[in-house]
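There are 2 protein chains.
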Amino acid sequence: MAIKFADRMEGIKASEIRELLKLTVRPEIISFAGGLPAPELFPIEEMKVVAVKVLEEAGRQALQYSPTEGFAPLRDKIAARMGKVGVTAKGNDILITTGSQQGLDFAGKVFLNPGDYVVCESPSYLGAINAFKAYQCQFIEVETDEDGMLIEDLENKLASHDNVKMIYVIPDFQNPTGRTWSLERRKRLLEAARKYDLPVVEDNPYGELRFEGEMLPSIKSLDTDGRVIFLGTFSKTFCPGLRVGWVCAEEGILNKFITVKQGADLQSNSMTQRELDMFMELYDLDAHVEKIKEVYRQRRTLMLDTMKQYFPEEVTYTYPNGGLFTWAVLPPELNARDLMLKAIEKNVAFVPGGSFFPNGGQENTMRINYSNMPEDLIVEGIKRLGEVLHEAVNALKK
Amino acid sequence: MAIKFADRMEGIKASEIRELLKLTVRPEIISFAGGLPAPELFPIEEMKVVAVKVLEEAGRQALQYSPTEGFAPLRDKIAARMGKVGVTAKGNDILITTGSQQGLDFAGKVFLNPGDYVVCESPSYLGAINAFKAYQCQFIEVETDEDGMLIEDLENKLASHDNVKMIYVIPDFQNPTGRTWSLERRKRLLEAARKYDLPVVEDNPYGELRFEGEMLPSIKSLDTDGRVIFLGTFSKTFCPGLRVGWVCAEEGILNKFITVKQGADLQSNSMTQRELDMFMELYDLDAHVEKIKEVYRQRRTLMLDTMKQYFPEEVTYTYPNGGLFTWAVLPPELNARDLMLKAIEKNVAFVPGGSFFPNGGQENTMRINYSNMPEDLIVEGIKRLGEVLHEAVNALKK
Chain A
1 MAIKFADRME
11 GIKASEIREL
21 LKLTVRPEII
31 SFAGGLPAPE
41 LFPIEEMKVV
51 AVKVLEEAGR
61 QALQYSPTEG
71 FAPLRDKIAA
81 RMGKVGVTAK
91 GNDILITTGS
101 QQGLDFAGKV
111 FLNPGDYVVC
121 ESPSYLGAIN
131 AFKAYQCQFI
141 EVETDEDGML
151 IEDLENKLAS
161 HDNVKMIYVI
171 PDFQNPTGRT
181 WSLERRKRLL
191 EAARKYDLPV
201 VEDNPYGELR
211 FEGEMLPSIK
221 SLDTDGRVIF
231 LGTFSKTFCP
241 GLRVGWVCAE
251 EGILNKFITV
261 KQGADLQSNS
271 MTQRELDMFM
281 ELYDLDAHVE
291 KIKEVYRQRR
301 TLMLDTMKQY
311 FPEEVTYTYP
321 NGGLFTWAVL
331 PPELNARDLM
341 LKAIEKNVAF
351 VPGGSFFPNG
361 GQENTMRINY
371 SNMPEDLIVE
381 GIKRLGEVLH
391 EAVNALKK
Chain B
1 MAIKFADRME
11 GIKASEIREL
21 LKLTVRPEII
31 SFAGGLPAPE
41 LFPIEEMKVV
51 AVKVLEEAGR
61 QALQYSPTEG
71 FAPLRDKIAA
81 RMGKVGVTAK
91 GNDILITTGS
101 QQGLDFAGKV
111 FLNPGDYVVC
121 ESPSYLGAIN
131 AFKAYQCQFI
141 EVETDEDGML
151 IEDLENKLAS
161 HDNVKMIYVI
171 PDFQNPTGRT
181 WSLERRKRLL
191 EAARKYDLPV
201 VEDNPYGELR
211 FEGEMLPSIK
221 SLDTDGRVIF
231 LGTFSKTFCP
241 GLRVGWVCAE
251 EGILNKFITV
261 KQGADLQSNS
271 MTQRELDMFM
281 ELYDLDAHVE
291 KIKEVYRQRR
301 TLMLDTMKQY
311 FPEEVTYTYP
321 NGGLFTWAVL
331 PPELNARDLM
341 LKAIEKNVAF
351 VPGGSFFPNG
361 GQENTMRINY
371 SNMPEDLIVE
381 GIKRLGEVLH
391 EAVNALKK
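Protein sequences appear in the order of chains A and B.
Heads up: the first sequence begins at 1 in UniProt numbering, then just goes up one per residue.
Heads up: the second sequence begins at 1 in UniProt numbering, then just goes up one per residue.
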């Protein structure tokens with residue numbers, strides 16, 4: 001049998017990273033690999049109340065088909081929450097999605113023809129890269145520093161490529177680097193997008209998880225002509241297992257996303273949408289987010305302090321003011337994929353950074369998560385990782 | 001601003017049908033339009049028990065990220081239930097999807113290049129046509145009768161087209177016609193698929209809802225070389241709002257679907273998967289399906305009896321032995337889209353059949369749902385529809 005698959009399947013073969021990560025779910029592993037929230041903070045008791053109340057008050061509706069766009073009261077509440085990132089929105093500006101990953105897939109479907117270029121940060125989010133690759137695009141990576149994309153590099157690359165169709169950025173506590181864009185870079189990105197008449201996909205799963213400093217305005221809040229598509233999610237501020245995210249965009253673009261959602265899965269889970277809405281009616285989501293931030297802030301500080309103590313000085317890393325990740329850069333001779341295998345022998349895991357570069361290279365990088373492990377395991381895991389890194393760095397010196 | 005959308009968006013503009021259907025959600029409307037289950041049969045009390053028990057026993061896991069493939073015990077239970085359609089499967093052969101609509105979208109993504117042909121029944125399911133159109137395919141419609149596709153027509157069309165990539169069929173209580181394929185046609189379809197080395201997507205949302213007669217073996221159960229991709233769902237046997245469906249396919253093909261799921265939305269709702277699994281642990285899903293069948297059987301019989309009494313003799317319709325729909329054919333001069341507007345004036349709704357023909361035509365057809373409305377409204381709605389049809393048929397005679 002020689003059944004033919006579509007050409008796009010060539011570009012989205014199961015990644016070796018995914019196979020590697022399967023090794024990290026063993027219970028004895030101290031894993032800094034996933035982007036997993038701390039499960040001990042999930043509001044389990046509240047969810048019990050909410051689930052029963054939704055079924056009692058609107059069981060038939062919660063279990064029946066419902067509109068593609070999403071449950072109207074939840075759309076309204078999300079629109080109101082967009083005020084946190086400086087955006088004035090109405091319920092009609094919101095489409096409920098299955099996590100923000102679905103928003104990424106839809107962005108690819110709505111905007112990308114085969115061969116088109118997506119402009120993204122170097123490095124960028126692995127899951128977005130994979131979602132876009134299904135639409136057979138190419139990537140232009142723009143150099144970044146601690147304030148976001150280098151705008152000069154962005155402008156040069158936009159000027160020298162014809163079929164750029166979309167700019168994709170994660171301006172707040174970026175995945176994988178943990179860095180946050182300055183206000184000036186946000187404004188200048190938007191200017192460049194305007195000049196080349198490009199849509200900007202602003203992915204913001206972590207923005208609410210700021211440990212220090214003031215929240216910066218989202219790029220969407222600076223958008224005067226409706227070119228920014230904002231992707232949000234409750235995965236990091238509430239629970240990822242419920243798979244509730246959203247797209248906020250102007251009508252003409254949002255309608256395209258809604259049409260795509262109709263064909264992709266008709267609608268998101270009716271009951272879950274009502275549960276989330278009910279949670280926000282009965283409880284204080286902001287207070288819940290404060291609790292999460294406090295725990296993650298402590299874990300961030302502890303992890304970075306421990307890294308300072310146990311990592312070789314040849315290894316540098318970011319100091320994130322929010323979100324879930326720090327990003328380490330090793331001497332260029334080292335390959336983090338090899339180190340990952342050695343780390344797993346010591347029952348500790350991270351994600352080798354190479355996969356976050358869509359055009360390859362920079363294998364001397366690591367994404368390290370601090371949200372998921374309790375404090376004692378953070379210390380123990382970083383110690384073990386330090387041993388692996390010291391061995392590797394010392395071997396270079398010989 | 002002139003942001004460019006992908007070429008594929010040309011083919012999937014929001015359908016006029018969808019706009020029409022928005023008119024049918026007013027509470028005073030007797031709607032035979034949707035494919036909605038009877039909400040009074042939803043196991044609301046049982047869902048309360050199940051939701052609380054899942055949160056008590058495994059709250060952290062239910063709210064956390066979980067594997068793309070799905071919750072292992074649920075995959076095992078679904079694999080076991082595949083025995084009902086004659087298929088011997090293991091949990092590893094199952095991918096959990098967001099309803100079977102997501103399985104349709106993934107089939108398009110996995111198999112279709114722009115310009116490729118999908119072979120389907122004439123008429124076929126509107127939602128599948130829309131899902132596939134996003135991959136810029138073309139359609140070959142094969143003539144059907146009360147036993148399924150006319151195999152001679154299928155073979156002629158396969159012989160005369162080069163780039164056919166996939167055959168899509170709904171052999172049990174088809175949407176929209178309510179018809180069921182004979183065993184012989186199932187076998188001959190598979191022979192043709194083998195001859196041309198094509199995958200067969202077998203969509204089976206209604207198979208368990210058989211009112212009379214013996215269940216026929218699924219095409220998947222006759223498949224000896226792993227070319228059949230079976231799509232199942234709990235939307236009709238349990239609750240559609242929970243959005244749980246599945247794909248059952250051989251390893252090489254299923255792995256492609258899993259890779260696509262990873263990029264599309266990472267995974268389906270962890271909590272819902274556990275709830276469904278827990279429901280099957282605590283309660284008897286088969287007994288629940290028996291209850292649904294009994295109610296739908298009565299509604300089917302009542303609707304068809306009422307149609308016999310009130311529809312003009314120039315209108316013919318199918319007599320389904322299961323599922324949710326009957327299919328009416330009007331004199332060729334009549335256009336069901338026009339009649340829909342007249343029906344809505346009388347507060348009754350159906351779906352005009354033209355949209356179920358991917359290449360257009362056959363506007364003299366109607367899909368009529370009997371599962372969603374209680375018996376008194378079925379009688380009243382069919383009477384009103386009869387008035388609309390009599391007026392239209394009489395006008396032709398003048």
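The hints are simulated quantities; they were obtained by calculation from the structure and are not laboratory data.
Mixed in with the good hints, there may be bad ones.
In this list, chains with the same sequence are indistinguishable; a pair is considered to hold if it fits within one copy or across any two.
Stated by the list, open to error - In silico DSS-like pairs for lysine-lysine, Cα to Cα no more than 30 Å straight-line: (1) Lys293 with Lys13; (2) Lys308 with Lys383; (3) Lys157 with Lys308; (4) Lys383 with Lys22; (5) Lys4 with Lys293; (6) Lys397 with Lys84; (7) Lys90 with Lys187.
Nothing here was measured: the structure is a model prediction, and the numbers come from that model.
Cross-check of the supplied hints:
Taking the shortest Cα distances, Lys293 and Lys13 never come within 30 Å of each other, neither inside one copy (36 Å) nor across copies (42 Å). In the homo-oligomer, the alpha carbons of Lys308 and Lys383 lie at most 30 Å apart inside one protomer (10 Å), although the nearest pairing across protomers, at 79 Å, exceeds that limit. For the identical chains of this complex, Lys157 and Lys308 are neighbours neither inside a copy (37 Å) nor across copies (69 Å), given an alpha-carbon limit of 30 Å. For the identical chains of this complex, Lys383 and Lys22 are intra-copy neighbours only, at 23 Å inside a copy versus 60 Å across copies, given an alpha-carbon limit of 30 Å.
In this homomeric assembly, Lys4 and Lys293 never come within 30 Å of each other (Cα to Cα): the closest approach is 49 Å inside a single copy and 39 Å across copies. When the C-alpha separation of Lys397 and Lys84 is checked against a cutoff of 30 Å, the pair qualifies neither within a copy, at 50 Å, nor between copies, at 65 Å. Taking the shortest Cα distances, Lys90 and Lys187 sit within 30 Å of each other inside one copy (24 Å), while across copies they are farther apart (54 Å).
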